[in-house]
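Asker: Spelled out from the first residue to the last, the chains are:
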Amino acid sequence: MTDKNQNKANNITLGKFSLIAVAMFGFGFALAPMYEAFCQAFGINGRFVEIQDGTYDSSNKVANITEVDKSRLVKVQFTASRNQNMNWEFKALESIVEVNPGEIRVVKFYAKNNTDKTVIAQAVPSVSPGRATKYLNKIECFCFTQQTFKPGEAREMPLRFVVDPALPGKISTLTLAYTFFDTQNRRASNMTDNSRETKLAVNSVVTNAQQ
Amino acid sequence: MSDHKPSGITRWIFTTNHKDIGTLYLWFAFIMFFVGGSMAMVIRAELLQPGMQVVDPLFFNSMTTMHGLIMVFGAVMPAMVGFANWMVPMMIGAPDMALPRMNNWSFWILPFAGTMLVSTLFMEGGGPAFGWTFYAPLSTTFAPQSTDFFIFAVHLLGFSSIMGAINIIATILNMRAPGMTLMKMPLFVWTWLITAFLLIAVMPVLAGAVTMMLTDRNFGTSFFDAAGGGDPVLFQHVFWFFGHPEVYIMILPSFGIVSQIIPTFARKQLFGYASMVYATAAIAFLSFIVWAHHMFTVGMPVAGELYFTYATVMIAVPTAVKVFNWTATMWKGSMTFETPMLWAVGFVFLFTVGGFTGLMMGVAPADFQYHDTYFIVAHFHYVLVPGAVFAIIGGIYYWIPKWTGNMYDEKLGKLHFWLSAISVNILFFPQHFIGLAGMPRRIPDYAVQFSEFNFMSSIGGFVFGATQLLFLYIVIKCIRGGEKATDQVWDNPEGLEWTIPSPAPYHTFETAPQIK
Numbered sequence: 501m502t503d504k505n506q507n508k509a510n511n512i513t514l515g516k517f518s519l520i521a522v523a524m525f526g527f528g529f530a531l532a533p534m535y536e537a538f539c540q541a542f543g544i545n546g547r548f549v550e551i552q553d554g555t556y557d558s559s560n561k562v563a564n565i566t567e568v569d570k571s572r573l574v575k576v577q578f579t580a581s582r583n584q585n586m587n588w589e590f591k592a593l594e595s596i597v598e599v600n601p602g603e604i605r606v607v608k609f610y611a612k613n614n615t616d617k618t619v620i621a622q623a624v625p626s627v628s629p630g631r632a633t634k635y636l637n638k639i640e641c642f643c644f645t646q647q648t649f650k651p652g653e654a655r656e657m658p659l660r661f662v663v664d665p666a667l668p669g670k671i672s673t674l675t676l677a678y679t680f681f682d683t684q685n686r687r688a689s690n691m692t693d694n695s696r697e698t699k700l701a702v703n704s705v706v707t708n709a710q711q
Numbered sequence: 008m009s010d011h012k013p014s015g016i017t018r019w020i021f022t023t024n025h026k027d028i029g030t031l032y033l034w035f036a037f038i039m040f041f042v043g044g045s046m047a048m049v050i051r052a053e054l055l056q057p058g059m060q061v062v063d064p065l066f067f068n069s070m071t072t073m074h075g076l077i078m079v080f081g082a083v084m085p086a087m088v089g090f091a092n093w094m095v096p097m098m099i100g101a102p103d104m105a106l107p108r109m110n111n112w113s114f115w116i117l118p119f120a121g122t123m124l125v126s127t128l129f130m131e132g133g134g135p136a137f138g139w140t141f142y143a144p145l146s147t148t149f150a151p152q153s154t155d156f157f158i159f160a161v162h163l164l165g166f167s168s169i170m171g172a173i174n175i176i177a178t179i180l181n182m183r184a185p186g187m188t189l190m191k192m193p194l195f196v197w198t199w200l201i202t203a204f205l206l207i208a209v210m211p212v213l214a215g216a217v218t219m220m221l222t223d224r225n226f227g228t229s230f231f232d233a234a235g236g237g238d239p240v241l242f243q244h245v246f247w248f249f250g251h252p253e254v255y256i257m258i259l260p261s262f263g264i265v266s267q268i269i270p271t272f273a274r275k276q277l278f279g280y281a282s283m284v285y286a287t288a289a290i291a292f293l294s295f296i297v298w299a300h301h302m303f304t305v306g307m308p309v310a311g312e313l314y315f316t317y318a319t320v321m322i323a324v325p326t327a328v329k330v331f332n333w334t335a336t337m338w339k340g341s342m343t344f345e346t347p348m349l350w351a352v353g354f355v356f357l358f359t360v361g362g363f364t365g366l367m368m369g370v371a372p373a374d375f376q377y378h379d380t381y382f383i384v385a386h387f388h389y390v391l392v393p394g395a396v397f398a399i400i401g402g403i404y405y406w407i408p409k410w411t412g413n414m415y416d417e418k419l420g421k422l423h424f425w426l427s428a429i430s431v432n433i434l435f436f437p438q439h440f441i442g443l444a445g446m447p448r449r450i451p452d453y454a455v456q457f458s459e460f461n462f463m464s465s466i467g468g469f470v471f472g473a474t475q476l477l478f479l480y481i482v483i484k485c486i487r488g489g490e491k492a493t494d495q496v497w498d499n500p501e502g503l504e505w506t507i508p509s510p511a512p513y514h515t516f517e518t519a520p521q522i523k
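Here the protein sequences line up with chains A and B, keeping their order.
With the numbering used here applied, the first sequence corresponds to residues 501 to 711, in that order.
With the numbering used here applied, the second sequence corresponds to residues 8 to 523, in that order.
The set of hints was computed from the structure by calculation and includes no laboratory data.
Because the structure is a prediction, the values reported are computed rather than measured.
Only true hints are included.
Derived pair list, reagent style DSS-like, types lysine-lysine, alpha-carbon separation capped at 30 Å: (1) K508/A with K523/B; (2) K638/A with K650/A; (3) K191/B with K504/A.
Counterexamples of contact, computed for chain A against chain B with all Cβ distances above 10 Å: (4) F578; (5) I604; (6) P668.
A few chain A positions that, by computed beta-carbon distances, are all more than 10 Å from chain B: (7) D569; (8) R572; (9) E598; (10) T648.
Ideal Cβ placement from N, Cα and C applies to all residues, glycine included.
Only chain A is shown next, with the shape it has when bound in the complex:
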């Protein structure tokens, strides 16, 4: 090979592999939506992705549940926690209930804003074991919308849910965990400044889901 040809071949190789590197950089970012899609398709990581991306349809979920399975009782536990640095009280008024699959049940959560500011908060649900997520259906939930609390305001918030009778027999206990996040001041501990509009894209879609 002559020097000229050699240089040309080297430059072509450089070009090709630079493109691959750029494509792989993009692939790194593509992993984020792929991960969402994968978890949603298999319902595996305990997150209500549907609630967060606004595709959650509570009436459709419940429409197929016609009868109550009296033969078994499922224990449903509730835990409530706050994101870091949120000066709130937040708890489940009943921490454990036993329900028959197919039975509609209402439980209440209590939250109080201990700060002297109005806070808009969002509760994010998570279920364990993760693969039970799709069997715990929410009909009415304070997590569907952002909750606005005036300074010192306290209130009870209902959750109406039904456990799908199709829940695998092996699962006898479900845990539904809520975490409240302050939508305005996500990182109070951090010195970095966050623009309020760009974060929590989820909030707007969650609101849409309600309509």
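Starting from the structure of chain A, add chain B where the hints point.
Answerer: This is chain B only, laid out in the frame that chain A set:
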């Protein structure tokens, strides 16, 4: 062209010569090896006894973090690129690397990236203290501000690696001497070709991961923040999609070096050359589909645990092919044990120990016990220290007579090996036991029942660390003089690099050799 080389400092700053750049890479790696090594000494000093005595816990955590990052990105990877720069053109009969100016650039990024990384330790709030795996949200929401410098340092290191890798691929694919077909290439060249592909595939993914961290930290995105609809577990997936191929990036060139050394001192051809090539390619392929075995405990479905277990254990097959081939190469060979051979044999034996513990942890239910304990620390140090580092040291002893024209001090070299081989086992073997007994990794204090083994481990660590100063002495002594090396250096070794004079002239193979 004459053997004229530029003089003074500008020779090194502006050089486009593959040998100069290889030397720069190797010295950079050597310096970082001591920087990262002194951090390991701080870690072992703190762990010498239970209780807090030497450093505060935050600094301890930044020591474990920086030790890992520096050894991976500053020592092992640049050392391998240094070998590639020196040896690949000489092994395939090329006059230089394919893209010599980019080669200069990819090296000179490194000192800046390394300085930026180390400088975080002196910043307000301390350096990164979240472990070398920098899991979110510890590295996003809860990390010190210096993390942004860490992120840019990783970006720079990534740029350097990708450019280095493209250069190596272009050299190997386009610059081979006439007659040097792919299946005639020395195994070191093959392993580097495959490693370079891995680098190009995964370093950009790492760059993506740290970019997501950067925007999560500063620009209000929520890739890894549950409050904004993201997921911290996503970080682990992205990281290990890079991280698992990364461990092979560090070990495949070591396989290559060992595959050059063993045939020379067994005075036999490498057993199963073709199967070695295919095994390397198979390991590289499998490395892309096993990443979640690093995160068995995140709460995967059983199907996931099963898949990642089977896929992981499958890697044992091509790896065993390699180990058996090295053994078969030695079988009935006229073996002599000069220093490089000692390191290579030490590598084969001790790397296999590390491989076996890897198998144990590849099995999901067993991994639940080992996860994040000293057992994993013992495992990856076995594959990286008596694995990758032994191969690097062996490679230096093997080729340094060609590089400098002088033989190293054989007596001191052997002493270096035996001190290292014994102390490295005193250092890491007890960590298996304390790991199985439940001592977690990345903590500065521990329960008293772990005292004896930690004490042993620390003593081994100090001896191993001090022994490497002997290595520095041996290398400097060899550069300064010593018995003149012959052109062949060893007893009839195979390879084009042994057909040129020792020390290797500044320019080699300006007319390509003919390969029969």
